[in-house]
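Enquirer: Line order of the protein sequences matches chains A and B. Each residue of the first sequence is one higher than the last, beginning at 879 in the numbering used here. Each residue of the second sequence is one higher than the last, beginning at 10 in the numbering used here.
Rather than coming from a laboratory, the hints here were simulated on the basis of the structure. Take the hints with a grain of salt, since some may be wrong.
Stated by the list, open to error - Listed next, the in silico DSBU-like pairs over lysine-lysine satisfying Cα-Cα at most 35 Å (straight line):
1) Lys1056(A) with Lys49(B)
2) Lys249(B) with Lys228(B)
3) Lys1056(A) with Lys99(B)
4) Lys1038(A) with Lys1056(A)
5) Lys136(B) with Lys1056(A)
6) Lys1056(A) with Lys141(B)
7) Lys99(B) with Lys186(B)
8) Lys223(B) with Lys136(B)
9) Lys136(B) with Lys201(B)
10) Lys201(B) with Lys1038(A)
11) Lys141(B) with Lys201(B)
12) Lys1056(A) with Lys201(B)
13) Lys223(B) with Lys1056(A)
14) Lys99(B) with Lys228(B)
15) Lys136(B) with Lys49(B)
16) Lys185(B) with Lys1056(A)
Being a predicted model, the structure only gives us computed values, none of them experimental.
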Amino acid sequence: MPHTGNPAYHDHDPRRLEDRFRALESEHAEASRRVSELSLENRRYADRLAAAEDQNTQLISLYTAAQRLHASPDRREVLDAIQEIVINLIGSEELAIYERRPELADGLRLLASFGLSEELLAEVAHEDGILVRTARSGECFVSDEAGGGPHGLTACVPLKLGPEVTGVILIFSLLPQKAGLLPLDRELFDLLAHHAGAALYLAELLNRRAQIPKRVTT
Amino acid sequence: MPLAFYRGMTASLSSTNPARHPALRILCVDDEESILFSVKDYFSGMGCTVDTARNRAAAQALIASNTYDVMLFDLRLAGPDSNDGLELAKFTREHSPGSRVMLITAYASPEIQKQAGASGVDRLLSKPCDLKDVDRNLLELVSGAPAPAPTESDTARGVMKMKTQPAAGAEAKPRKKILLVDDSGTVLMMEKMILRDTPFELITARDGQEGVDKAHAEKPDLILMDVMMPRMNGFEALGKLRAAQDTAGVPVIMVTTRAEMENMETGYSTGCNDYVAKPINGLELLAKITNLIGN
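I would like the entire structure built from these sequences, with the hints used as guidance.
Expert: If you want it as structure tokens, here you go:
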């Protein structure tokens, strides 16, 4: 028995030993109860921390997306950033980006695509379906089920400059490890709608400005 | 790391060998009762006398009326913007200059480290940290010599994994390095943001070849590797790393959209240590990094 300096350990009176034993038992029960309470409290804190970390990741995704869209005035790089956001932050490797061109027969021009066949793109572009409706209305289409829309469409995101629709992003099937869209994905759609549209428009303006001759000759 | 801090916080009620430990008088100040309970339980079992306080006023009252060998202060007692731990350190220097002060905080930024030094803190520990390591640092402080190594019979108490601020004059430990390899600027930015509050030094590479070159040059402690990259993909780069003596043992986590079973099997058979599927979950990534190289 460890030496603690407690006189009770050296007293051989059975009654005193028994009293001491009961006191220790009671102390142990109280400590056990307290330990259980703290366990529960710790689990609650762990859950809260996990929720906070999850929200932190969401904010990081939104911040990263916004930063990347406005990081470069080059149109090609803006298009690459849109693709990277859809692939890496939303989680789809099947997308197409269209620009609105009213002078064209279809009213839309394909700017970039990833993971899609030409046949599918041709089908989607020539139908008076969601793509055209989104371009006209400016309303984002999101399928109830991932890939559940026409031609396996998950979302159709209008690119906007103020109230005007300047283009559309089509997002088809999600990555296999992604069961469905999350609230964060809808926020990313919203961010793309406003920031990608503005970034592309600005890049286009800068591109046109660069092409204007430096000296005007009459 | 965050989850580990709360796992197993209930300290064992049994004491380890108190004969190994000097009977110190310790003051622990933290607003979290669970932490105070764990610290008191652990160090009481070591034969120490432990007083606790949950706010600055109570701590100052104890410091003014007692003599402590060591004081353990949380940094933020009164809210996310408070620096009570630093104020207590200054108070200790005025009223109890012989006491050693350890600041334990989750907010160990370079600015806080600077302020800690100026406030008279002897050692700064980052939360989460292990109670055994707190003990080891505490013994180093009071004795001025490295603490004896823990015996095999010692059981782990608490789960506060630790990063220490070395004592003044001691050689600073280099930070662990993580090499981020991805051709996507978006992913690199995400990873840097997720890891920005960690103590790791971050290096980046934009394709597999650059990743291999930087791995040889920088000797990282861990590599986060994308799979689909130009010039050299992640599997090829991983193969080269495993074939070279100086990089064969570096842990590699594949971070990729390609999370199908066959790709994962290829990754593991090539020698990766773990897999994270995109879109990246920050908590999952941090947990896997901690699992491989700690914090």
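Enquirer: Please go over all the hints and tell whether each is borne out by the structure.
Expert: Each hint, compared with the structure:
1. Lys1056(A) with Lys49(B): Given pair Lys1056(A), Lys49(B) is violated - Cα atoms ~46 Å apart, limit 35 Å.
2. Lys249(B) with Lys228(B): With a Cα-Cα distance of about 14 Å, the restraint between Lys249(B) and Lys228(B) holds, given a limit of 35 Å.
3. Lys1056(A) with Lys99(B): Violated, at roughly 52 Å.
4. Lys1038(A) with Lys1056(A): holds, 27 Å
5. Lys136(B) with Lys1056(A): holds, 33 Å
6. Lys1056(A) with Lys141(B): Since the Cα atoms of Lys1056(A) and Lys141(B) sit roughly 41 Å apart, the hinted pair is violated (cutoff 35 Å).
7. Lys99(B) with Lys186(B): Judged against 35 Å, a Cα distance of about 34 Å means the pair holds.
8. Lys223(B) with Lys136(B): holds, 31 Å
9. Lys136(B) with Lys201(B): This hinted pair holds, its Cα atoms lying about 20 Å apart.
10. Lys201(B) with Lys1038(A): With a Cα-Cα distance of about 30 Å, the restraint between Lys201(B) and Lys1038(A) holds, given a limit of 35 Å.
11. Lys141(B) with Lys201(B): holds, 31 Å
12. Lys1056(A) with Lys201(B): Status holds; Cα separation ~23 Å.
13. Lys223(B) with Lys1056(A): Status holds; Cα separation ~32 Å.
14. Lys99(B) with Lys228(B): violated, 40 Å
15. Lys136(B) with Lys49(B): Within the cut-off at roughly 17 Å; holds.
16. Lys185(B) with Lys1056(A): holds, 32 Å
Checked against the numbered hints above, the structure violates hints 1, 3, 6, 14; every other hint is satisfied.
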